[in-house]
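**Q** Chain by chain, the residues:
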Amino acid sequence: MQKIKFAILLALAVIPFMGQAQLPSVKVENRKGEVVNTASLVDGETPMIISFWAVTCKPCIRELDAINDAMPDWLDEASFRVVAISTDDSRFSAQARAWVEGHGWGDFTVLFDKNQEFMRAMNVSYTPQVFVVDKSGKVVYSHTGYTPGSEQELIDVIKSLK
Amino acid sequence: MKRLTILTLFTLLAAVVCAAENGEEKQKKGRLTGSFETNSIYYVEDGRTTAVVPEDRFGSNNYLKLDYYHGRFAAGVQAEGYLPVLQGYPTNLTKAGLSNFYASWVDKSFSVTAGTFYDQFGSGLLFRSYEDRTLGMNSALLGARVTYNYKDILALKAIWGMPRLGMEFSNTQARGADLSFAISSLAGWKQTVLAVEGSVLNRYEAISADLKEEGGLPSSTGFSGRVNFESNGFILRAEYIDAGERHYPNGAYDGVNDPRIDLIKNGNAQLIELGYSGHGLGVNITARRLEYMDMPIVYRNTSTANALNYIPALTAQYSYLLTNLNPYIVQPSTILGSHCGPGEIGGQIDIYYNVARRTKLGGKRGMKLGLNYSTYYSLLKDRSAKADNILWQSINFTLEKQFTRKFKLNFLYSFQEYNDSHGVSPYTWKSNIFVADMLYKWTPTISTRLELQYLYSKHDNKDWMAALAEVNFAPHWSIFASDMYNHGKTKIHYYNAGVSYTKSRTRIQLSYGRNRAGVVCSGGVCRNIPAYTGANLMITTSF
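Top line first, the protein sequences correspond to chains P and H. To convert, count from 1 in the first sequence and add 36; that's my numbering. To convert, count from 1 in the second sequence and add 8; that's my numbering.
Isolated chain H (complex conformation) (with noise of 0.2 Å):
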């Protein structure tokens, strides 16, 4: 097998070559386009804190996709290289081979794609494949999708897969297919988008005879409606979504009183968004309910890319270091013990505003004022939209001034309120925490960045404080340090220091540093991280 894996990347490899060498042919023959990154971690032993190191103290995680495109026509591979994986990723992410491969030709009015393809219906409540690399997650399909356009007027969409789970397809089928019919479009009308969608996906796997003597369902069906419209800055959206039914395990199960092995649940969600945007203002509004909706690849499997719709935490993202200590995780249900949560439900709203420059208040340079409020509450019982105890609250305010050429400030006040039972008691872990983000411009080209940053909090391990310090060289070098530091409980230094180096589509970044355990987010979906120290190599490059 991995003599296997060599040869078809040497081919791949001879591939590549020859279609480059053919320079001013490739017009004609079409061309070929590529991305490769290295993520790497050599590991050292830090007796200050948990830090795992694995046995050869070595993780290596690795992505080369090439594509390739001859008019309509467009074909492409993903080799992937886990020499072990990273500390953290899913564990099923071993070895290395090419795991995804396409052949696709897209026409005007339709388009075919056959092999592994990504995807989503809606807003991807009921069915995404996806990939990001950050959680190790790729949900690729390999299967066959079609589509068909009629003018504006009618998209339709339908897929068959099976979804990829760490570096094999798994044996489970997904099915189904997506329609949007434009209103506004077969109207004529110019102002207004007025469009209704709908979904259906099935979803079969065939599992074990065991499993299904304790309740287990092989196949289930799901279905959305959607409703999007648009007019003059304002937007509504809203779908819902029936997900079918599936089966979770019965903490409560004793034979005797309970003596079902599996719970039979009902999957489905309600989601709406408001916005308006005009004059310098933008405004959001989401409302969310979710009721059983995990859905996963496979039933028992517990890796954090199991899942074959997507369901993210609605609340502000941070990228400050200590916004980011307790994330809200979001809850589709909570089933821990004997404790059965059907879900959350809850919302957030964000307004912006850009201060108009030669104004009272914006000055010569003008000014960005944000605020974001968001709360969260689990469900109290099935069926139901009564809230029971709260999940998640938090209140973000921030400000962006230029004040001089050479001087811009960015602040932020983030008021966060985090409950880390997930709903199965109503204690909450309150912080109150303030950025200032300072950059000056020395020269057109040389910069300093920096930030100050301080965590008030009288619960979990009290008060932090942090730094980080960037120096700027455009368009090619930077150079950081950083330090975190709980001096309310722990007394532990969590340093990172840096330097980074890029020259057009290539990135090369190298530091050293102690990373606390803790949860990695990317697009509100989350894995958790053990702690490490060590050196870090990352390298990014397209062509």
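Extracted from the complex, chain P is given alone in its bound form (with noise of 0.2 Å):
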């Protein structure tokens, strides 16, 4: 009886919610190893995709290179930019860094999120999520899992703000 209760009780927390959420302010890693507040990645101007990854999650990497391929064609249609979080720790956050170089990620704003902070406060729990959030910050799309195609709605989405 316990079981059912506390089953129940956690399928009905999730169920009110379906809001837009905004940015959070987390302090994250650049390339350099120099501290950057993720709420600065809002500039006003431009949306943007931002993918959650790791070095070892091979659907997060399929669909990182099936944005970079298609970004040429993507940026004839609107304007964007994608930010890569890496969600490595310590232990590939090194790798990861020599990965996005050999994977041609040139494109790409990549961000380490080493301890998983700004993970969490996008509540984030099974890689890959990808987000498209809007110029003022405003999270407008949410996507987990990957499989081979679903990057269209991506740029759909983009296309459809104005």
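Simulated from the structure, these hints should not be mistaken for laboratory data. Heads up, a few of these hints could be off.
To be verified - Below are the DSBU-like pairs computed for lysine-lysine, each with C-alpha atoms no more than 35 Å apart in a straight line:
#, chain 1, residue 1, chain 2, residue 2
1, H, K37, P, K171
2, H, K165, H, K198
3, H, K198, P, K68
4, P, K94, H, K449
5, P, K171, H, K511
6, H, K37, P, K195
7, H, K499, P, K94
Claimed, not checked - Pair ranges (Cβ atoms, derived):
#, chain 1, residue 1, chain 2, residue 2, range
8, P, L197, H, F118, 29 to 37 Å
9, H, W485, P, V71, 38 to 46 Å
10, H, E53, P, D192, 45 to 53 Å
11, P, L197, H, N536, 44 to 52 Å
12, P, L197, H, K438, 49 to 57 Å
13, H, P62, P, L197, 48 to 56 Å
14, P, V71, H, A246, 13 to 21 Å
15, H, R366, P, D192, 27 to 35 Å
16, P, P95, H, A246, 29 to 37 Å
17, P, D192, H, N536, 43 to 51 Å
18, H, P538, P, D143, 43 to 51 Å
19, H, T456, P, S76, 40 to 48 Å
The beta-carbon is built from N, C-alpha and C at its ideal position, and this holds for glycine as well.
Hints given; two lone chains; assemble the complex.
**A** Structure follows, in structure tokens:
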């Protein structure tokens, strides 16, 4: 009975929310090791795709590669930025830095969330998780997991933004 | 207690609903966000393996996390329910209740957190409190943290708290401070980053009178010093840790020749990272030496979550079935019977290269190449860098190429050498693994992925083969089936099949399969899991 009550409570608790969140203010590191506040990513001019990834997460890599391949065409249709948040802890953060170069992700803003503080603030419990954030910092779309082809939704959402 | 838990959850739920109902006023009143995750398994008997079936055949790990933000103020809770805990997870994760709770204020130059929090100093070798649900790990501190920044030159952090172990907060106290001084910011350098950093951590545990008599130490203090340098794509990071003294049970104790019940050892570690990124080339070299670096939350507790620091295995991390049969398990010290191994020494090198498009080798769509080599040895004796027995060696080569718009190939070759005795003896198991991972897109949204894997070995269970097929209907559905077959010795098939559905931030996966006993690793920290066969339901959502 205890189990059932607990399960019902947990299930009920998640139903009321489908709200649109604002980008939280959390400290992460850039490729040089300098501290960057995530709130400063909002520039008031262009929307952005924020993708949480890790070198150990194969679907994350597949999704970012797909975005990277499509980016030249997408940029013809709309203006946007891609922010790739490495959730690798200290074990892989150095590897992740080398990985970014070896994967040709030079057009991405890559940030490192070594103790997963930004990941927790965005309530990401499963990677890959990708967000579209409008120019004012409001989260307008989010998707968890990756199936090849689902990246098309990202550009569709960006194009629909005013 | 049960009623209290239920009542607390109801109160929480009411607060959640009230906050959510306020719709347009949400911006004024702040916002609520959260996530929910459930991982449940129904276990069945399986005569082919040593599958473990609990009494009620059921296990379920559940997590509900809620955070409230209002300007610079934030507060949150996490409720966890183990109904009961899944097989192989730490057994001190029991029942249901509020496990974590915090309130914080983040200003421009300072922040204050009270309640539970996660943090780390440097790479985490001296101190790290973190959550990893794959491992059943949550070492959040219950206490307080204060941070202060002076421009981008100085960052200071002070912590105090009692680390969580299982569903309780231990009586151990961790108190420490961390300072980072960016010389380059002070000097106004634009192209170069140079920072010196340092940490101190005191760990105090009111140990029993018996343990004290045996030679146990209630208090120990550790230090770390670090240098970070980055210029024009070159990176150098170095860290030295003196983790202070700690005690270990003396395996050679016989009361006569060796009268010491406990051994007092000094923990220390050295870590150096060198890297270069530029022109499509990424190189990373890491070297590390560990000596008695175990930092238990509570002495004489064997839980895999009993760690106040973070000592990951610095090797390639694999995600294919056959590459993870015998992952490397880091050896901060190895005390087995009368064998007393002080730790390990080794390193790894990673090279990634992006072969540009429209070159002879890259072709129309380019190609990505990767090479990793890692090797580790046990330390011969205390206060020495001399290597003893080999613990691990691996060479990995990866190739990734998009041949046509529809077809992509990932190829992996991995040679792994693994010491099953963790350095007590020099004997190793060697294996050669080949993986072809192919993706074919039938339409922009329908695709098939096929993994073919083969492991060749003369040791342990000898040869294995495995295959995985996945059909994806983007953006919602994915169906998969896999089989891992040990044709070298046991002749057992480890099959798995399932389906997943994703909509926005919600993902549901249902699968059924047979799983082998082994080691599950996350971030290089591992736990043993027993063999099991059963149905698995996973739901994750956030809002």
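**Q** So, against the hints stated earlier in the document, which numbers end up violated here?
**A** none
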